[in-house]
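Which chain is which? The protein sequence lines are A and B, in order. Going by the UniProt record's numbering, the residue at position 150 of the first sequence is 150; the numbering climbs one at a time, nothing skipped. Going by the UniProt record's numbering, the residue at position 71 of the second sequence is 71; the numbering climbs one at a time, nothing skipped.
Think of the hints as simulated: they come from the structure by calculation, not from any bench. Check each hint, because a few of them may be wrong.
[Claimed, not checked] The calculated lysine-lysine pairs, modelled on DSBU-like cross-linking and capped at a C-alpha distance of 30 Å, are:
| id | chain 1 | residue 1 | chain 2 | residue 2 |
| --- | --- | --- | --- | --- |
| 1 | B | Lys43 | B | Lys109 |
| 2 | B | Lys109 | A | Lys258 |
| 3 | A | Lys82 | A | Lys34 |
| 4 | B | Lys57 | B | Lys21 |
| 5 | B | Lys21 | A | Lys256 |
| 6 | A | Lys183 | A | Lys110 |
Quantities reported herein were computed from a predicted structural model and do not represent experimental measurements.
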Amino acid sequence: MSLESAATLAAPVSRPNAPPKMTGENVGVFYGAKQALFDVNLKIEQFNVTSLIGPSGCGKSTFLRSLNRMNDTIDGCRVTGKINLDEDDIYDPSIDVVELRARVGMVFQKPNPFPKSIYENVAYGPKIHGIARNKADLDEIVHSSLRRAGLWNEVKDRLQEPGTGLSGGQQQRLCIARAIATKPEVLLMDEPCSALDPIATAVIEELIDELRENFTIVIVTHSMQQAARVSQKTAFFHLGKLIEEGKTEDIFTNPKNKQTQDYITGRIG
Amino acid sequence: MASLNEHIVSSYEDELTNLNKAISEMGGMVEQAITESAVALLKLDHKQAQDVRLFDKKIDEMQQRINDAAVSIIARRQPMAADLRMVVTSIQVANDLERTGDMAKQLAKRAMQIESLGLAPKFYNGVKHMKELVARQLKSAIDAYLNRDAAAAVEVCSRDDEVDAMYNSLFRELLTYMMEDPRNITQCTHLLFCTKSLERVGDHATNIAEAAYYLETGRHLGAEEQQRQPR
Chain A
1 MSLESAATLA APVSRPNAPP KMTGENVGVF YGAKQALFDV NLKIEQFNVT SLIGPSGCGK
61 STFLRSLNRM NDTIDGCRVT GKINLDEDDI YDPSIDVVEL RARVGMVFQK PNPFPKSIYE
121 NVAYGPKIHG IARNKADLDE IVHSSLRRAG LWNEVKDRLQ EPGTGLSGGQ QQRLCIARAI
181 ATKPEVLLMD EPCSALDPIA TAVIEELIDE LRENFTIVIV THSMQQAARV SQKTAFFHLG
241 KLIEEGKTED IFTNPKNKQT QDYITGRIG
Chain B
1 MASLNEHIVS SYEDELTNLN KAISEMGGMV EQAITESAVA LLKLDHKQAQ DVRLFDKKID
61 EMQQRINDAA VSIIARRQPM AADLRMVVTS IQVANDLERT GDMAKQLAKR AMQIESLGLA
121 PKFYNGVKHM KELVARQLKS AIDAYLNRDA AAAVEVCSRD DEVDAMYNSL FRELLTYMME
181 DPRNITQCTH LLFCTKSLER VGDHATNIAE AAYYLETGRH LGAEEQQRQP R
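Chain A on its own, in the form it takes in the complex (with noise of 0.2 Å):
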């Protein structure tokens, strides 16, 4: 490999100077009485991939959970600042929050596919948002989806038997094509790899880089090697707050603040 190529390896696909994709202002959560994330402010580029990291509890899942109004399903939880998607405030009432959710996909930790076939997992947004106007188009949409998820030759032949017959790595990519069929803008991935082996989880991460050139990506993260293998951008989080966020390259060799030092060389939990 020529130096040069491995220098741009990481480089984001974006222009310099979009406006970014998501921005949150100021945001806070809260669960009840108790705040779980204060005043974050961070912006998410278009067409790269954002890693959030920190120790259980600081808050990079409930951020995560922010940005497509998952939080909206826990009773009690409250978010308080702002968070646009492009121009448009996700928290005004105004926002279809099925919709929004259509746009902001989401991946989950451990594979949860539909008990239904492999095809029927992956139609079914497509089919409950209108977005195909017919048998051929709705075909068209899975096996395209299923194609970037990169599953489709592992499963082309027997796209009716159930989902939950795959491995975990392939119900892993099959929720991924699941989330990527209502054609979103943003994918929202909590630890997709946590409950995977490494070959797995090697498919996912070179899956992750081939998809950031059509979606932006923020993905929640308990493996610092893979935080800094996969993203271009890492934020850390720790008791709630954003300690520091930045080129993920600078995070990992030369972070500025001590504590993500602390946390990302194993010094605290």
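Following the hints, complete the assembly by docking chain B onto the known chain A.
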């Protein structure tokens, strides 16, 4: 950056501490080799020269030990940030120290070759000064690395010009002795190679200082950085 807490995994902490100790030890060995090789050269001491040549094997072994330890830490611990910089620079510094050890061995070899010819004091005065300057550079560079002292590292780098200037003036001086009397050519040519070896030691000292700067700041010491640093 404020000094770091201890690692949660204490054996990892021990491994990093031991790696740093090994660099310190190897630095001491190489400084000693340079000093003794210069003594061998200036006093034409055969025994001393022989000792330096044998000692070089120990320096090589030390480099292997440091490299093995660093590779093992990378494989098992996946170091990050300051730890990563420490492990990576230890490999670089060990390499520069090993090359410096080779230069000491070269000086010892030259000493053995010219011992039968004798050496007039006027020939070796300049070489002696250069050796002192270079040994000081080497010591300062190793200290800057071990003390994580970026400002001291910058100073070492900025002083390399002095070493180069001294090399150039010694080159001219030795040339005049050769022109003066062709019988001086053999000794002076040997000494010319010695000054070249010393000049290379100065370059390795600069490399070590650059590694020290990177270790402490996470930035590379380019011309820009040198200007930014207060002297």
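Now the hints, each set against the structure:
Proximity of Lys43/B to Lys109/B is assessed by CA-CA distance (about 13 Å); at most 30 Å being required, the pair is judged to hold. Proposed proximity of Lys109/B and Lys258/A is contradicted: the alpha carbons are some 50 Å apart, above 30 Å. As the CA atoms of Lys82/A and Lys34/A are separated by approximately 19 Å, the hinted pair is consistent with the 30 Å bound. For the proposed pair Lys57/B and Lys21/B, the alpha carbon gap of about 19 Å is at most 30 Å, so the pair holds.
The hinted pair formed by Lys21/B and Lys256/A meets the criterion: a straight-line CA distance of about 26 Å does not exceed 30 Å. Taking the CA atoms of Lys183/A and Lys110/A, the gap is about 22 Å. The hint holds against a cut of 30 Å.
Going through the hint list in order, the structure does not satisfy hint 2, though it satisfies all others.
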